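Make a model of the complete structure from these sequences and hints.
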Amino acid sequence: MGRRLGEYDWKTHPLGPMSDWPAEVRATVAVALTSRFPIVLWLGTEDLFLVYNDTYIPMLGDKHPAALGKPGRDVWWDIWDPIGPMLAGVVASGRATWSDDLRLALATAGQRQERYFTFSYGPILASAGDVSGVFCAVTETTERVLGERRLQILNTAAAALMDTRTVDDAVEATIQACGGHHPDLPFVAVYVGGGDDEKAVLRGASERVAGLLPLSLSDLIGSHDSSNMFVLDDLERVVEALPAAFGEDCPRQALVMPLADAATEDVISYMVAGVNAYRPLDELYLTFCRLLADQVAAAFTAAHSYDQQRQRAEMLAQLDRAKTVFLTNVSHEFRTPLTLLLGPLDDAIRHADQPAQRDRLQTAQRNAGRLLRLVNSLLEFSRIEAGRTNATPVPVDIGALTSQIASSFSELCQRAGIELVLDCSPVIADVDVAMWETIVSNLLSNAIKFTLSGSITVVVAASSAEQCRVQVIDTGTGIPAADLDRLFERFYRASNLRGRSVEGSGIGLSLVRSLVELLGGTIGIDSQVDVGTTVSITLPISSSSSATAAPVSQPADNAYVAEAMQWIDNDSMESANGSLSTERSRPLILIADDNSDMRNHLRRILSERWDTIAFGDGQAAIDGIRQYHPDVVVTDVMMPALDGFGLVAALRADPALAATPVIMLSARAGAEAAGEGFASGVDDYLTKPFSSPDLFNRVEARLGAIARQRASRADEEIQARHATALADVTAALASALSVQGTLRALLTAPIGSLGVVAVAIGLIDQATQQVTVDYAGALDGLSPDAEAAGQHVREPILDVILTGRPIIVDDLGGGDNRAAAIFPVREDGATVIGAVALFWPTPRTFRQDEIDLMSDVAAVAGTTIARIRAAERERRIAAVFQDQLLDLDRGSDAVVVSAIYQPASEAMRVGGDWYLVTPLNDIGHVAACVGDVVGHGLRAAIAMSKLRAAAAVAALTASYPPFVLSAIERYASTVPGAMYSTLAFATIDATKGTMSYMCAGHPYPLLVTPDGVARYLEDGRMRPLAAQQPAIDTQPGHALFPAGSLLIMYTDGLIERHDETLTEGFARLAGSAAACVDLPVDMVCSTLLDQLTPAAGHRDDVVVLALRRTGTTDTSFVATVSADLAQVTAVRHRLRKWLADLDVGAMLEHNIVLGVSEALTNAIEHGNELDAQKSVSIEIFAHPAAINATISDLGHWTLDPEASRPKPERGRGLTLINGLADRVDTNRSPYGTNVHLHFRRMPDGGTRR
Amino acid sequence: MKSTFDVSLDTVDTADGVAVTATVTGEVDVTNASDLARSVDNVEGPRPLILDLSYLRYLDSAGFAVIYRLLERRAVIIVLSSQSPIHKAATLIGLTSHESIGTAVSTEWKQ
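Protein sequence lines correspond, in order, to chains A and B.
Going by this note's numbering, the first residue of the first sequence is number 1, and it counts up by one from there.
Going by this note's numbering, the first residue of the second sequence is number 1, and it counts up by one from there.
Treat the hints with caution; some may be incorrect.
Pair by pair, the computed Cβ-Cβ distance ranges are [claimed, not checked]:
# : chain 1 : residue 1 : chain 2 : residue 2 : range
1 : B       : K2        : A       : S973      : 50 to 56 Å
2 : B       : K110      : A       : G1111     : 32 to 38 Å
3 : A       : A1130     : B       : D41       : 26 to 32 Å
4 : A       : P1184     : B       : G26       : 39 to 45 Å
5 : B       : R69       : A       : R1228     : 27 to 33 Å
6 : A       : Q884      : B       : K2        : 35 to 41 Å
7 : B       : D41       : A       : R1015     : 32 to 38 Å
8 : B       : E108      : A       : P1184     : 42 to 48 Å
Straight-line distance between alpha carbons at most 25 Å, and here's what the computed SDA-like set of lysine to any residue pairs gives [claimed, not checked]:
#  : chain 1 : residue 1 : chain 2 : residue 2
9  : A       : K946      : A       : R873
10 : B       : K88       : A       : H1238
11 : B       : K2        : A       : D130
12 : B       : K2        : A       : G1111
13 : A       : K11       : A       : D130
14 : A       : K946      : A       : D1100
15 : B       : K2        : A       : R873
Please keep in mind that the hints were generated in silico from the structure rather than gathered at the bench.
Since the model is a prediction, treat every value here as computed from it, not as a measurement.
Even glycine gets a Cβ: it sits at the ideal position worked out from N, Cα and C.
Here it is, written out as structure tokens:
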């Protein structure tokens, strides 16, 4: 500002250059410029040119910078009216002014704004004492001033709204507080109504706008969204009359503020506030309005809820009055019909001559009387409520009166086993006798209800000169403290289930209190649970000294006594139940009700048709149910000890009783009450009152439902037994592998409880079409007359097979099997292939469910038999295949061959393993092969048959193993079931003593040389056959195969055990095989199989093939010769030569030669029947102590001389063999005979005789 | 291959004249047993013939069968030394034989 001042062109200014200004003025300018307080200098005396500092600029607003150096009147034209005279005064007088919070309507940006300032005008005195200008320090106080006045109005509004109770009050208070002439609230208006604008109606407005604003909010705000506060800008347009009312201060805007209910947040009304025309509607202004609106909204909310509560209270009061009126009217209306019931009942009882009839009528009378008492109580009560009771107190001896009333209860107490103690001193009080009777009777009846044993004491005595006290003290169950306070409330009933009865209307004590109060007394109650209750009444003593005689009701007429009698009667119930017989032919209905009349009534209705038993509370009923197992339970809801719901819950929780149907009787009508009943688990719900036939029908329906359930349960049990039996039989039959097995399974399986003693199965033989009958169990004629008895059984079976229809015979009329059930057996459910017959020892009648079961069993048996037949067929075919495959060609003179095939120990599965030995065209060449096809059964047999044939053809065509394998591989890929087959193949050239071999995924062949070394042949490996792998490029393995060497080929079953590695299996085989070096090949096979069989048997098929090269070594003589007798001589010469080298002595040598020759001759002649195509093998091993020889052929011959009597020569040969050898063993198999000769060597090698 | 045997003939005095002795050497088995029968039958002279098997190296059951048939016809008397290798077989079969020709003559041709 200093710079601006310096640059100002003062030369042309009336004040002239600054340097010409008086020194005082210049000093003042310097002070002003450096001050941080807003300072303006009015220089000169006429025009008062403006000079000001930086902090003054905001006050000038858009007048800066033009204001500098301008005359004051020009700059502050808008406020010159107030300040011009003040300035002039200062100049003229030289005295300063002080203005505090002066309101100035400054024009800013064309708008006048109400602003407040505090300032002082002081003269600038020149040296001469002349005033050369005015110094003004000024501060704007607008915010403070506005804040204060707004806060004030908020306070005022809060105070005014504080006590408003209605919406109208709140509106009025708002208008009063805000609608004066407050500058920031030119007017306020309140529209009341929900969020819907249409409904918001003007409820109040400031005086100045009264009658100007539209009545509906929507007319005021048009299409504005009123859900949030908004500014109504076109106020003058909407409310045309406004300027006239306000003049130049007319507000141009109004703020529309929705007021929401604090609780529900629903908009319940709107406040419209005019906006001060001289203040911008800035944030402070808006906040102020919002605060005000919140206050009003809070007041409205409070008024609203207050209003609602008041209305509710009024409604309740109205309802209460209506109820009293209703009770009064209804009670009155009841009394007439009750009177008309009681009168005729009295007459009827007098004239009833039948006890039963009289009994019924008395029940009716008693309960009509009870109803009358209830009605009277209600009436009396409602009269008191309505204030229409007029007590007519008379002075009476209250001690005597009370004693008199109490004594009506003495018989009752006696029967209930309670002592009634009366301790009544004569005291005169003013009471209404009838009321007093009601009071005392009520108290005593209550005491009896809740006192199961002990005493009830009635005490009347003066407690002071003015007052007397009447107390009823019992030793009953007591009342919990929580209930004590509410006991005298109308209809309140303490939840005490331990009394004699839970009957009661809940008005007794309330009525008593009302009556006592009418008599000018007070009543109090004191109680302790399980100790007792004391009710004390205090009455003023009468001023009169003489008592009026007061008549009271006779005990019989006292309705309270009559009612209480019903509770006491519960005790005599046991005797009524005592007559119940344990042997019942009729269904038993258990009744639980605490009202003896109701109990008797129910028994009367139900005992016509059923046995009944009754109990007075839920707990007793539960015990009774456990004891008697009733068919139906009929129970009341309200009972002491355990109520109806408790009873049902206890019943349902006990598995043994849970199914017992329960019919609940309740006085509570309506769907809700019934729903509660059903939810608790009752089967039926009957509302009192009910007619006798209705109850009767309900019970009958329950009993019917039980019968049906029992029947269906029995049915289900039969179904379950049936299914179980069938499952048992099916399981037993599943493991049957033969018809006999099937029979045994049928006989031993528990076919329900049918008691079958014999089972027979007749089957049509497929070949002969004859029926064969197999049987098991005690069947007629198993002995001794089999034929006849067989016929006895046979004929009906044949009939069934012929007709395909079952035969059920209840009684065959004789024999040991008197009853029979025979069912056809069908293959695939169609063709009859036989029949299953079940037999019983005694005549019997079959139930349909038994027949159904047997029919199902027969069907399962049929399936089993069909399965067995199919399996047998397949096994036969497979066995034929296997036989063929196990045929061993021993024709090569290059080797001695033996093989063994061991089926897997489990089941009779034929399968998969095969071997082949085939002499090749080249002399001294032979091929050997062992294979293993995946799987078992016919399919595997066919696959292996094909592979075997292929191997034979391939070997004969090209003996070089890779060529053979390649050919087999090619073929295998076309054979179904050959995939992943394994194979070991070897070609032996005996002329050179060599062999070559290959293995397609098969375990290594094992070579045992005469020196006893066992070695696996691990070269020549290739993948299993048809494994979808590239063709073979593997080189074969080669090995030396000298005379006497043993080649062992086998399938994996030999070495595999589930609990060890393959390596262990290989090691075990090698060890066993090494020891077989001097055993004949047949014994090699059997020894290896023996030694390598696990305890549990082989799990897979096993093949062992052993080949020993022919020729002689120091210790062995091995030859294979054709079945030609000429061979006998040749072998003898060679043998003799070999033996000579052994130096066994001439005699032994001769014996061995002769024995072996005889065996050989026998083998050729009888075993192979001189068929030169066949061959005989000889294996002889020299041990230090013995010579063992084995002669093998393909025939069946015997070593029993006696058996060959027709041919003496043969007999002599055998005699020789047996005589010459020290021991002879013969092994026969379907594939040939092996004779083992054992000759002991003399230690000295000498002769023996 | 066929076994071979030789038969050498001689005579021996007996109580009632002269008997022919035939001593067999070589081997008799199933291949040539019938030849032995034929050879014996072809020997001229009175019967029974003394057939000495003591020098036979080998005689199998087929040979024994031939011998038995000869014995049944009383065509031969068998001599078989207990030192012969075939003696044990003969014993086993139950062949009746004499230790030597001498004992045979003295036994069979008793006065």
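Query raised in the report: Which of the stated hints cannot be reconciled with the structure, identified by number in ascending sequence?
Result: Hint check: 2, 4, 7, 11, 15 fail, others pass.
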